[in-house]
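There are 2 protein chains.
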Amino acid sequence: MRLVPTILCGGAGSRLWPVSRELHPKPFIRLADGQSLLQKAFLRGATLPGVKEVLTVTNRELFFKTEDEFREVNKAQLPTSFILEPFGRNTSAAIAAAALHVVKAHGEEAIMLVLAADHLIEHQESFANAVIDAAELAQQGKIVTFGIQPDVPETGYGYIESEGNKVLRFVEKPSLEKAQEYLESGRFLWNSGMFCFKAGTMLQAMEQHCPEILAATKACIEQSRRAEGKGFAELELDAASFAQVPDSSIDYSVMEQSSLIAVVPCNIGWSDIGSWSALGDLSAADDNGNRIDGSALLHDVSNCYIQSNKRVVGAVGIDNLIIVDTPDALLVADKSRAQDVKHLYAELKAQGHDAHKHHLTVHRPWGTYTVLEEDPGFKIKRIEVKPGASLSLQMHHHRSEHWIVVSGMARVVNGDNELFVRTNESTYIPAGHKHRLENPGMLNLVMIEVQSGEYLGEDDIVRFQDTYGRV
Amino acid sequence: MRLVPTILCGGAGSRLWPVSRELHPKPFIRLADGQSLLQKAFLRGATLPGVKEVLTVTNRELFFKTEDEFREVNKAQLPTSFILEPFGRNTSAAIAAAALHVVKAHGEEAIMLVLAADHLIEHQESFANAVIDAAELAQQGKIVTFGIQPDVPETGYGYIESEGNKVLRFVEKPSLEKAQEYLESGRFLWNSGMFCFKAGTMLQAMEQHCPEILAATKACIEQSRRAEGKGFAELELDAASFAQVPDSSIDYSVMEQSSLIAVVPCNIGWSDIGSWSALGDLSAADDNGNRIDGSALLHDVSNCYIQSNKRVVGAVGIDNLIIVDTPDALLVADKSRAQDVKHLYAELKAQGHDAHKHHLTVHRPWGTYTVLEEDPGFKIKRIEVKPGASLSLQMHHHRSEHWIVVSGMARVVNGDNELFVRTNESTYIPAGHKHRLENPGMLNLVMIEVQSGEYLGEDDIVRFQDTYGRV
Numbered sequence: 001m002r003l004v005p006t007i008l009c010g011g012a013g014s015r016l017w018p019v020s021r022e023l024h025p026k027p028f029i030r031l032a033d034g035q036s037l038l039q040k041a042f043l044r045g046a047t048l049p050g051v052k053e054v055l056t057v058t059n060r061e062l063f064f065k066t067e068d069e070f071r072e073v074n075k076a077q078l079p080t081s082f083i084l085e086p087f088g089r090n091t092s093a094a095i096a097a098a099a100l101h102v103v104k105a106h107g108e109e110a111i112m113l114v115l116a117a118d119h120l121i122e123h124q125e126s127f128a129n130a131v132i133d134a135a136e137l138a139q140q141g142k143i144v145t146f147g148i149q150p151d152v153p154e155t156g157y158g159y160i161e162s163e164g165n166k167v168l169r170f171v172e173k174p175s176l177e178k179a180q181e182y183l184e185s186g187r188f189l190w191n192s193g194m195f196c197f198k199a200g201t202m203l204q205a206m207e208q209h210c211p212e213i214l215a216a217t218k219a220c221i222e223q224s225r226r227a228e229g230k231g232f233a234e235l236e237l238d239a240a241s242f243a244q245v246p247d248s249s250i251d252y253s254v255m256e257q258s259s260l261i262a263v264v265p266c267n268i269g270w271s272d273i274g275s276w277s278a279l280g281d282l283s284a285a286d287d288n289g290n291r292i293d294g295s296a297l298l299h300d301v302s303n304c305y306i307q308s309n310k311r312v313v314g315a316v317g318i319d320n321l322i323i324v325d326t327p328d329a330l331l332v333a334d335k336s337r338a339q340d341v342k343h344l345y346a347e348l349k350a351q352g353h354d355a356h357k358h359h360l361t362v363h364r365p366w367g368t369y370t371v372l373e374e375d376p377g378f379k380i381k382r383i384e385v386k387p388g389a390s391l392s393l394q395m396h397h398h399r400s401e402h403w404i405v406v407s408g409m410a411r412v413v414n415g416d417n418e419l420f421v422r423t424n425e426s427t428y429i430p431a432g433h434k435h436r437l438e439n440p441g442m443l444n445l446v447m448i449e450v451q452s453g454e455y456l457g458e459d460d461i462v463r464f465q466d467t468y469g470r471v
Numbered sequence: 001m002r003l004v005p006t007i008l009c010g011g012a013g014s015r016l017w018p019v020s021r022e023l024h025p026k027p028f029i030r031l032a033d034g035q036s037l038l039q040k041a042f043l044r045g046a047t048l049p050g051v052k053e054v055l056t057v058t059n060r061e062l063f064f065k066t067e068d069e070f071r072e073v074n075k076a077q078l079p080t081s082f083i084l085e086p087f088g089r090n091t092s093a094a095i096a097a098a099a100l101h102v103v104k105a106h107g108e109e110a111i112m113l114v115l116a117a118d119h120l121i122e123h124q125e126s127f128a129n130a131v132i133d134a135a136e137l138a139q140q141g142k143i144v145t146f147g148i149q150p151d152v153p154e155t156g157y158g159y160i161e162s163e164g165n166k167v168l169r170f171v172e173k174p175s176l177e178k179a180q181e182y183l184e185s186g187r188f189l190w191n192s193g194m195f196c197f198k199a200g201t202m203l204q205a206m207e208q209h210c211p212e213i214l215a216a217t218k219a220c221i222e223q224s225r226r227a228e229g230k231g232f233a234e235l236e237l238d239a240a241s242f243a244q245v246p247d248s249s250i251d252y253s254v255m256e257q258s259s260l261i262a263v264v265p266c267n268i269g270w271s272d273i274g275s276w277s278a279l280g281d282l283s284a285a286d287d288n289g290n291r292i293d294g295s296a297l298l299h300d301v302s303n304c305y306i307q308s309n310k311r312v313v314g315a316v317g318i319d320n321l322i323i324v325d326t327p328d329a330l331l332v333a334d335k336s337r338a339q340d341v342k343h344l345y346a347e348l349k350a351q352g353h354d355a356h357k358h359h360l361t362v363h364r365p366w367g368t369y370t371v372l373e374e375d376p377g378f379k380i381k382r383i384e385v386k387p388g389a390s391l392s393l394q395m396h397h398h399r400s401e402h403w404i405v406v407s408g409m410a411r412v413v414n415g416d417n418e419l420f421v422r423t424n425e426s427t428y429i430p431a432g433h434k435h436r437l438e439n440p441g442m443l444n445l446v447m448i449e450v451q452s453g454e455y456l457g458e459d460d461i462v463r464f465q466d467t468y469g470r471v
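Chains as they are written, first to last, in UniProt numbering: chain P, 1 to 471; chain X, 1 to 471.
I should point out that these hints are in silico values taken from the structure, not numbers from a laboratory. Warning: the hint list may mix true and false statements.
[Claimed, not checked] The calculated lysine-lysine pairs, modelled on BS3-like cross-linking and capped at a C-alpha distance of 25 Å, are:
(1) X:335 - X:349
(2) P:52 - P:75
(3) P:386 - P:349
(4) X:342 - P:310
(5) P:178 - P:104
(6) P:434 - P:386
(7) X:381 - P:335
(8) P:173 - P:335
(9) X:386 - X:434
(10) P:178 - P:166
(11) X:349 - P:381
(12) X:357 - P:310
(13) X:349 - P:310
(14) X:335 - X:173
(15) X:386 - X:349
(16) P:349 - X:310
(17) X:381 - X:434
(18) X:357 - X:310
(19) P:173 - P:357
(20) X:310 - P:310
(21) P:381 - P:434
(22) P:104 - P:218
(23) P:381 - P:357
(24) X:173 - X:218
(25) P:310 - P:381
(26) P:342 - P:357
(27) X:381 - P:310
(28) X:173 - P:342
(29) X:310 - P:381
(30) X:310 - P:357
(31) X:310 - X:386
(32) P:310 - P:386
(33) X:386 - X:75
On a predicted model such as this, the values are computed, not experimentally measured, just so you know.
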């Protein structure tokens, strides 16, 4: 039996702003142990017995960052493959594309285990046991969903009424009263958004229940770019034809329609970490009910969650607050209103505010850059280039650049010259000079770039050649 | 009649942390109109009719910064002189030194107007009228205090019981009950800490009531360095002998002892801005009672004061909070607990934490520097040098420095070379090279310094020559 963990890398995490941003969504949030939710999802699938590869469906903007995340934890160097979406198109499209991909690679009998990238599962062993049960049902031709045994009358989740592995019905998010009733009945489970099925079974079910989604996805794949080779996407979905795929959740398109559905009830320490309140609850509180991640000074403070990586937070006479500090944005919210943080996220998006889109540290295929200071006439960046990576061969019309290497070594093209710049050496790139920065070493290259000029916008860039297809 | 406004630049402002720091105390706090409390105090005295100079008693560590503050607002180029204390020694010592200084310069008949540097007076015209009354009484040989007509039963101030200009008694900070009684009686005034007297009168009173303070201050002045000339201290008090001056407030040493005391009752919009709550109240609130200085996004927020210069603050479901954000420290406090912010200040001091001592931007005689980034192996600073100013001729054993001029022009000594470095040019100072940086221009010089080396402490500096006496 071939089991292919298939990670759907979604979840904006608008309620986890300011740590989550459009280009740093919820799966990339790191927990106190240093691992991101995405890394935890990867390991969740990768460490199951007999797993030989992991498939991930993600936004193409997040591809390089996703690869970086996997590289950090993929000690066994398990092969990874990717389906890159130009934009989110709901779970039916993602699962259709993944199933078509798996059938092409491994045939219809291959079993897919669909995992969310933005959830937490505390008990890996119980989870692995549930997967064994699910895979057995899948082999018998079932489409299996994982039902979480509820312990509180949660109104934010969908429910499944069940008997053993049999699904009686799916229920939308209930009222508190209903949720209480469900909890007490012992017959209801939370719909976790994780699934297990044979790739062929899913394609047949789609053929039957949502043929237009399947057909449009097939058509899209035919238009799409397939790239093989190290560190590159397997399949980058074509934007125009992907836009033709109907936007629908797999729950609606298949789960609620098919007669093949089964459920595996499980008790695996599952949480969708829906808010700062839920995230805060993951760590132990001190005697006053406070949870501190970072540096804080408290005077008569109780039941607060404080996260601050750089700044010291001084707090006086406050109770039940969430304080989350990042380099360019700060959140202060009452814990009981944690769900409403999404309104700030939406408002920042509407304003086109930078603090909605990305952090001060911006991820690029070759590494990261951080704007340290910006003033009329100059801008200072810290640039970090991964070993072996290379920025595009480029030119700026309006700005000159001073480059000072502070760690590692750089290979630099500067006009007609090619040179090595070592730690504590510098070079100067006049406006109009073609240039390229590369890290030929084995360690990260850290460079300080001082830009000088009348116009310093990121769009003053002419790319001549680029390893990552950005010309 | 010669009237010499004498500013006592005191007030730590521990309740106004994180904006106030040991080396950026309360008088330097800027209000929403862009002026600091110190600048307001300067203008308060300097714009009185007939004033020809301003005398300031301040800590020597704050001298250059104080001069910078004055320069910004001293459009009339009124002469300024300074008495520099090595440490605070309470108001009696400061006033004794100032009175001795004024008698030496202008004789015993000169009238001194002692002003606090950390208060606010809203009605300058009423204040000027009160000063006319006070000066008249001073000319008649009185030691005059300004009594503020109370409008709330404040328990944080001392009170004066009075009849007309006659002081019946001074009262320490009262209980709320007593304060209420005082307020209703109409016979009590707040003791504002502002005074007016002939310099000779004060010295005679001190001779009579606290002769040991006067004698010790005289002895100290004999040991002290007197420097004349542009931009330099008149009198830098000798530390060892200043330590011999008894530590006592002028209220205790003179005001409560002398029979010459008079009071001028006044209604001048006085406030000592004792906390963030008081400071917040200076600006107008929006419909929800919020006062915002900076960038904030509010969702169901009421009665909050939010100050943030750089970061965006997102707030959800909070009420009656103070949020003050600075580059390296953040305060979140319940407004009703604004007084308790001083406990954080004390705790940071006890820890020796940087956020107690200074801001990320550090003031030097020649300008400022800001650490933008610090990592093992390198440190990046933004350095701003005032026109005509010069850093010391210096050398570092362990670090090399890359200097990039991003605004203005620098004259640089680099080993045996002397060169000009213009905007968008750079130079490299190897470890062990003697070097000096100077701004020969008319505009501020802004430079980015990238330090590289195994040890980057501020104490790796050998000074050979220094304009500001720091060799």
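Violations among the numbered hints, reported as their numbers in ascending order: 3, 5, 7, 11, 15, 19, 24, 28
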